[in-house]
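Novice: Each chain, letter by letter, is given below.
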Amino acid sequence: MKKRRNWTGPLLINGALLLLVIVWSVPTIGLLVSSFRTRFDIGTSGWWNILPHQEWETVSTLDPKELGLDPDGVMEVEGATGTFDELRDGVESADGKSRVTWVGNKRLGRIEVQDRVWTVTWDFTLDNYKQVLLGAGVEITNPDGSVETAPGQDMSQAFLNSVAVAIPSTVIPILIAAFAAYGFAWMSFPGRRLMFILVVGLLVVPLQIALVPILRDYNSLGLNGTFLAVWLAHTGFGLALATYLLFNYISTLPRETLESAFIDGASHFTVFTRLVLPLSVPALASFAIFQFLWVWNDYLVALTFLGVDPTYKVLTQRLADLTGTFGNAWHLLTAGAFVTMILPLVVFFALQRYFVRGLMAGSVKG
Amino acid sequence: MAQFGSVERKGGSRVAELVGWVGRLVLAVAIPLIAFAVIYYGFIWLRDSNAPKWLTVIVAIIWGVGGVALLYWVFNRIVEQLPDQWTERLQPYVFVGPAMAILIWYLALPSARTFYLSLFGRDGYPKDIGFFQTFASDAFVGFQNYVAVFSERLLTEALRNNVLWIVFGSTLSVALGLLVATLADRSKFERVAKSLIFLPMAISFVGAGVIWNFMYDIRPPGEAQIGLLNAILAAVGGSPVAWDKWTEIQPWNNLFLIIIVVWLQAGYAMVLFSAALKGIPEEIQEAARVDGATEIQVFFRIMIPYIMGTIITVWTTVVIFTLKIFDVVWVMTGGQFGTHVIATQFYRQSFTARNSGYGSAIAIVLLVTVIPVMIYNLRQFRQQEAF
Numbered sequence: 001m002k003k004r005r006n007w008t009g010p011l012l013i014n015g016a017l018l019l020l021v022i023v024w025s026v027p028t029i030g031l032l033v034s035s036f037r038t039r040f041d042i043g044t045s046g047w048w049n050i051l052p053h054q055e056w057e058t059v060s061t062l063d064p065k066e067l068g069l070d071p072d073g074v075m076e077v078e079g080a081t082g083t084f085d086e087l088r089d090g091v092e093s094a095d096g097k098s099r100v101t102w103v104g105n106k107r108l109g110r111i112e113v114q115d116r117v118w119t120v121t122w123d124f125t126l127d128n129y130k131q132v133l134l135g136a137g138v139e140i141t142n143p144d145g146s147v148e149t150a151p152g153q154d155m156s157q158a159f160l161n162s163v164a165v166a167i168p169s170t171v172i173p174i175l176i177a178a179f180a181a182y183g184f185a186w187m188s189f190p191g192r193r194l195m196f197i198l199v200v201g202l203l204v205v206p207l208q209i210a211l212v213p214i215l216r217d218y219n220s221l222g223l224n225g226t227f228l229a230v231w232l233a234h235t236g237f238g239l240a241l242a243t244y245l246l247f248n249y250i251s252t253l254p255r256e257t258l259e260s261a262f263i264d265g266a267s268h269f270t271v272f273t274r275l276v277l278p279l280s281v282p283a284l285a286s287f288a289i290f291q292f293l294w295v296w297n298d299y300l301v302a303l304t305f306l307g308v309d310p311t312y313k314v315l316t317q318r319l320a321d322l323t324g325t326f327g328n329a330w331h332l333l334t335a336g337a338f339v340t341m342i343l344p345l346v347v348f349f350a351l352q353r354y355f356v357r358g359l360m361a362g363s364v365k366g
Numbered sequence: 367m368a369q370f371g372s373v374e375r376k377g378g379s380r381v382a383e384l385v386g387w388v389g390r391l392v393l394a395v396a397i398p399l400i401a402f403a404v405i406y407y408g409f410i411w412l413r414d415s416n417a418p419k420w421l422t423v424i425v426a427i428i429w430g431v432g433g434v435a436l437l438y439w440v441f442n443r444i445v446e447q448l449p450d451q452w453t454e455r456l457q458p459y460v461f462v463g464p465a466m467a468i469l470i471w472y473l474a475l476p477s478a479r480t481f482y483l484s485l486f487g488r489d490g491y492p493k494d495i496g497f498f499q500t501f502a503s504d505a506f507v508g509f510q511n512y513v514a515v516f517s518e519r520l521l522t523e524a525l526r527n528n529v530l531w532i533v534f535g536s537t538l539s540v541a542l543g544l545l546v547a548t549l550a551d552r553s554k555f556e557r558v559a560k561s562l563i564f565l566p567m568a569i570s571f572v573g574a575g576v577i578w579n580f581m582y583d584i585r586p587p588g589e590a591q592i593g594l595l596n597a598i599l600a601a602v603g604g605s606p607v608a609w610d611k612w613t614e615i616q617p618w619n620n621l622f623l624i625i626i627v628v629w630l631q632a633g634y635a636m637v638l639f640s641a642a643l644k645g646i647p648e649e650i651q652e653a654a655r656v657d658g659a660t661e662i663q664v665f666f667r668i669m670i671p672y673i674m675g676t677i678i679t680v681w682t683t684v685v686i687f688t689l690k691i692f693d694v695v696w697v698m699t700g701g702q703f704g705t706h707v708i709a710t711q712f713y714r715q716s717f718t719a720r721n722s723g724y725g726s727a728i729a730i731v732l733l734v735t736v737i738p739v740m741i742y743n744l745r746q747f748r749q750q751e752a753f
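Top line first, the protein sequences correspond to chains A and B. Residue numbering for the first sequence is 1 to 366, as defined by our numbering. Residue numbering for the second sequence is 367 to 753, as defined by our numbering.
Next comes chain B alone, as it looks inside the complex:
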C-alpha cells in the first residue's frame, strides 16, 4: 500500500509538472495573443465607433499609451521565460530594439528611399519591374531633378530666401538673445523680463502667424488702420504698406516674415546665453574693470570670448531651425509675393503638385545642408570617453 501510495504520489507530481509545464506554455502563448487582440480590437473600435468625442479621446489615449507599455511588458515576459543565457542575450534588444526599429523606419530608411525617389520623374519609379530594371526605365531621370532645383526660377528664389532667413534670422535671434540676457543679468527684474521674452516659445507658428497678420493688417488710406504698425505709420503721416506682402521691396519683404521667427526664437537664445553668462567668474570681470576697462570693453573682450562655445551652439541650432522653416511662410503668404522657401516648395511640389521626384530632390538638398552639423555631432560623440 505504501509503495503504491508512493508511486501514486510520484505520478501525481509528474502530472503536476506536466500541468505546470503545459500551463506555462499556454500562458506564454495566450498572454501575447490576448495582448495583441486587445490592441487590435482597440484599434478597430477607435476607427469605427460613433461614441462621443471625449470618450473616443480618453480611450485613444489609454489605448495608445497603455498599448505600448503592454507590448514591452509582454515581450519582456516572453524573454524572461527563456533559459537565463538566452534572457541575457535577448533582453537588451527588447529594451533597445523598438527604438531602433522606429528610428530606422522613420528616419534612416526614408533618407535612402527619398534619395531613390528623387532620381525618378513626377510619378515615381515603375512598380511592376525589379529594382535594377527601374534604372533602365523611362521614369528614371538621373540627376535632372537636382539640376532643376538649382536652375528653375521658383527654386532659386526659394534658395535665395533661405539664405536671407539664415543670415538675418539667426543673426537677429542671437544678437537680441544676447542683448536681453546681458541686460537682464544686471537688472532686478530679471525673472519677469526673461519670462516675457521667453513666452512666445510656447506659441505655435500658426498662432504667431495670426498675431503678426494682425500687426501687419492694412486698410485703404483714409480708413482707420487696425493693424498697429500701419496705425503708427498713419500717425506720423505715412501711407499704409503691406509689410510681408509688399511686392515693391522684394526680396526685403521676407524680413517681415523673419521678424516673426526672431520674435519666437530670441527667448531660446536668451535662456542659453543667460546660463552661460552666469558661468563667467566674477573675478575676471572685476579684474578687467580695476584695470580700467569700460563696460563695452568688458562685454566684447571678456564676456563674448568666454561664452563663444554657447554662441556657436545656439547659432547652429537656430540656423538648422530656420533652414526648415515652413509653417510661418505657409500661413502668412502661402509662398506668394516672392516668399517661398525650400520647405514650402518641398510641400508644394510633393503634395500640391504631386511631383514626388522633384519634391524628394528638394528634401535631399535640405538633408545635405545639415550634414556638416551631423558630422560635427558624431565627432563630438566619438571624443566622449564614456562610450
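Just chain A, same shape as in the assembly:
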C-alpha cells in the first residue's frame, strides 16, 4: 500500500500539472507557429498540421472512359463503390487505405486515387513578419509560384512609438515616486500624514474617472496626441502605487547609514542621489518591470490620449486596428501579435525574479 502511494502520488500530481501547462501554453504556441506559416497554409489548415498527421495524397489519376465506367449507375473503382454523386464527394475503399474521388463533370471528368500517408506541413516563411513590419510594399510568393506585392503594415514605426512611450512612462513615475517616498520616509513637515493618506486612498481609484477631465485639460494645453501627454498620464495613474511601494522599501533602510551621512554634512539631495537610490535598486527594478509591462501592454490610455494619428500609434493600437480591418487575415494578425509580445516576453524571462518580487509587494492598482 505504502509502496504504491509512493509512485502514484507524484505521477498524478505531475500529470495534472503537465495537463494544465499544456492547456496554458497551447494558445501561445499556436500563435507563434502560425506566424511563420504561409498565408495559404494558415487559411486552409490548422497550425497543428506541423505535427505528423495522416493526409490523403493522390497516387494515380484514372480516366473513367478507359475503365469503361457508367457514370449513371453504381461504379466500382479500386475497391470503392458508389454513385456519381457519392464519388464526387470521395469514397473510401473498404479497407480504408485509399480514397477515390471523381473530379470534374460526368463527361470529361477524371478519377483520382489517393492513399493515406503520414506527412508534416513544414513550409515556414518570414513573409508575414516582413509584411507586418515594413512600410513599403512587400513581395510575396504564392504557392503556385506567382509573385504579388502586398502593402506593408509598417509596425516597426509603431514599435519605435511604443519604446518612446514606454521608457519615459516607466522612468518618470519612478523618479518622482522615489523623491516623494524619500520625503515621506526621512523628512518631517506639516501635512505629511495627510498627504500620505491621499496616496493610499488613491491606490485603487479606476483611471476611467480621469479620462474625460484630463482630455479636456490636454485640449486646452495643446498637449493632445503628444508623447508628453501619455507620459504624464501614465505617471499620474502609476504614481500612487509607485510611491506606496517605494515608501515601504525606503522607510526600512538602516537609519544609522543615513544618519552618519547627515552628520558628515551631506544634504538631503546628496543622501538621496548617492545613498538611497543605489540602495533601493531592487525595489526600483521590481516596480520598473511592473510599470514597463503595464505601459507597453496598455491600450486604453494610448487610445484616449494619442488619438488617431497613425504616425504616433503604439503597437497595441496598431494590432487592434489590424484586428478590426483584417479580422481574418491571420498571417498578419499572428505575426503582428507576436511583434507586440516579443519585448515584454524578453523582459519577463530575463527579469522574472524582480517581477515576482514586485507583484508580491504591490497591492492593487487603479
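These aren't lab readings, by the way, just hints derived from the structure by calculation. The model shown is predicted, which means the values in this text are computed figures rather than measured ones. Don't take every hint at face value.
As the list claims (entries may be wrong) - One side of the interface only, derived from the structure: several residues of chain B facing chain A at Cβ under 10 Å:
#1 Val392
#2 Met466
#3 Ala478
#4 Arg479
#5 Thr548
#6 Arg552
#7 Ile563
#8 Phe564
#9 Met581
#10 Leu638
#11 Gly700
#12 Ser722
What the hints assert, rightly or not - Not close to chain A: a few residues of chain B, all C-beta gaps over 12 Å, as computed:
#13 Val381
#14 Ala394
#15 Ala401
#16 Gly496
#17 Asp504
#18 Thr537
#19 Pro566
#20 Val602
#21 Gly604
#22 Ser605
#23 Leu621
#24 Tyr672
Note that the Cβ used here is the ideal one computed from N, Cα and C, for glycine as well.
Let chain A serve as the given structure and place chain B on it in line with the hints.
Specialist: Chain B only, in chain A's frame:
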C-alpha cells in the same frame, strides 16, 4: 601708501563680495531660465521636427527623463540657496510636492470634476456662466444620468455582465491559481511549470485577444476548421460554434471572454499563493498526517485556513481588475453579441457617442464600487504604527 593700499584692498574685497553676490543672483535666475528654455525648446523641436523616427525617439526619451531630473535638480538648488531655516522648511515640498501635484491633478481632482460633469446633459455644463449658476441652467439634469445607468437596457446588460465577470473571473482565477500553486509545490518541475503558467502575464490584452480569436476561429461546416476549439468539435462530430460571438447562448457567451482573462490572471494568483503555501510550517501538516488526515483534509482544513489572508487579498485584486475590464471586450467583440461591460460602455458613451454627462455617471459608478476597498486600505494604513 600702506593705508591707501589697505583701503584699496578693503574696496577690492567689497567689489568681490558684490560681484560674488550679483553672480550668485544671476546664476540663481539664469540656471532655472536656461533649464526651462532647454525643456521648452526640446518640446518644440520634438513637436515640429521631421528628423528620422529613431532619432526623435532617442531625443524624446532623453528629453523626457532628463527634463524631469533637471527640474528636481534646479528646484533643489534654488531651495538650498535660501537661508538654512527656509531650506529646511521648503525642501520637503521639493521632494514630495511634484508627486502630490500630479496625483491631485490626475486622480483626486478628476474624481470631483467627473462627478460634477455627471450632473449635466450630453454637452456638459455651460461655460459662460458662474459655477453656482450652472446648477440653474437647462443643462443641469441632477441625477438623471444615474437613473439611466440603472434602468437603460444596454447599461443593465453591462452591469449584469460585470457581475458575471466578477463571479466567474475571480473565482476561476483564484481556484486555478491555487490548484497550480498546490500541485507545483509538490512537483519536481515547479520552476518550469510556474514560469509557463505565469507567462501570459507578459502579454497585452490586445495580443491575448488575437490569440484567442484564433482559438475561437469559425469556418462554415464542411470546411477545414483552423481554430483549435472548432477543430476539436469537428473531430468529435459536432458542428462549429462561434464561442464568444455565440448569441444563442447569451449571456453565457461572456464566459468565453472571461476565460481569456482567467488565462492571463491565474499566473498572478499562483505566484502569490505559491509564496503563501511555502510559509505554512511543515510540522503542522505532518502532525495532521500523523493523526491520520488525508491529503484532501490537510488541504481544506489546514492549508486553506492558513493562507486565507492571501486568498482574500488576491480575490480583491482580481475583482477590482475584472471590474475595470475593457481591452479584451473592446478588441474581441466590441461589445456586440451582448458582451458590453461597464468600462466599454463608459468608453462608448464618453468618446464614441460623446455624451460626457452619461459617460461620467458610468465612471462614478465604477469609482463607487471600489470605495469599500479604499476604506479597507485606509484602515489598514491607520493601524500601522510606523506613521
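Novice: Could you check that no beta carbon of chain A comes within 12 Å of the beta carbon of B:Tyr672?
Specialist: holds (17 Å)
Novice: Verify this label for me: B:Val602 is non-interface relative to chain A, using a Cβ-Cβ cutoff of 12 Å.
Specialist: Check passes; 15 Å lies beyond 12 Å.
Novice: Was B:Ala401 rightly flagged as not at the interface, with every chain A Cβ beyond 12 Å?
Specialist: Answer for B:Ala401: holds, closest chain A Cβ roughly 16 Å.
Novice: Minimum Cβ distance from B:Thr548 to chain A below 10 Å?
Specialist: holds (9 Å)
Novice: Hey, does B:Asp504 actually stay past 12 Å from chain A on C-beta?
Specialist: holds (21 Å)
Novice: Examine each Cβ of chain A, and state whether all of them lie more than 12 Å from the Cβ of B:Leu621.
Specialist: For B:Leu621, whose nearest Cβ neighbour in chain A is about 16 Å away, the distance exceeds 12 Å, so it holds.
Novice: Per the stated criterion, does the least C-beta distance between B:Gly604 and chain A lie above 12 Å, as a non-interface residue requires?
Specialist: Correct as stated: the minimum Cβ-Cβ distance to chain A is 16 Å, above 12 Å.
Novice: Is the shortest C-beta separation between B:Arg552 and chain A less than 10 Å?
Specialist: Holds: closest Cβ of chain A sits about 5 Å from B:Arg552, inside 10 Å.
Novice: Do the numbers back the hint for B:Ala478, that is, is its least Cβ distance to chain A under 10 Å?
Specialist: holds (9 Å)
Novice: Should the interface hint for B:Val392 be scored as holding, given a Cβ-Cβ cut-off of 10 Å against chain A?
Specialist: violated (22 Å)
Novice: Grab the minimum C-beta distance from B:Met581 to chain A and call the hint holds if it beats 10 Å, violated otherwise.
Specialist: At about 5 Å, which falls below the 10 Å cut-off, the nearest Cβ of chain A leaves the hint on B:Met581 intact, so it holds.
Novice: If we take the beta carbon of B:Val381, is the closest beta carbon in chain A still more than 12 Å away?
Specialist: It holds; B:Val381 is separated from chain A by about 30 Å at its closest Cβ, greater than 12 Å.
Against the hints set out earlier in the document, violations occur for numbers 1 and 19.
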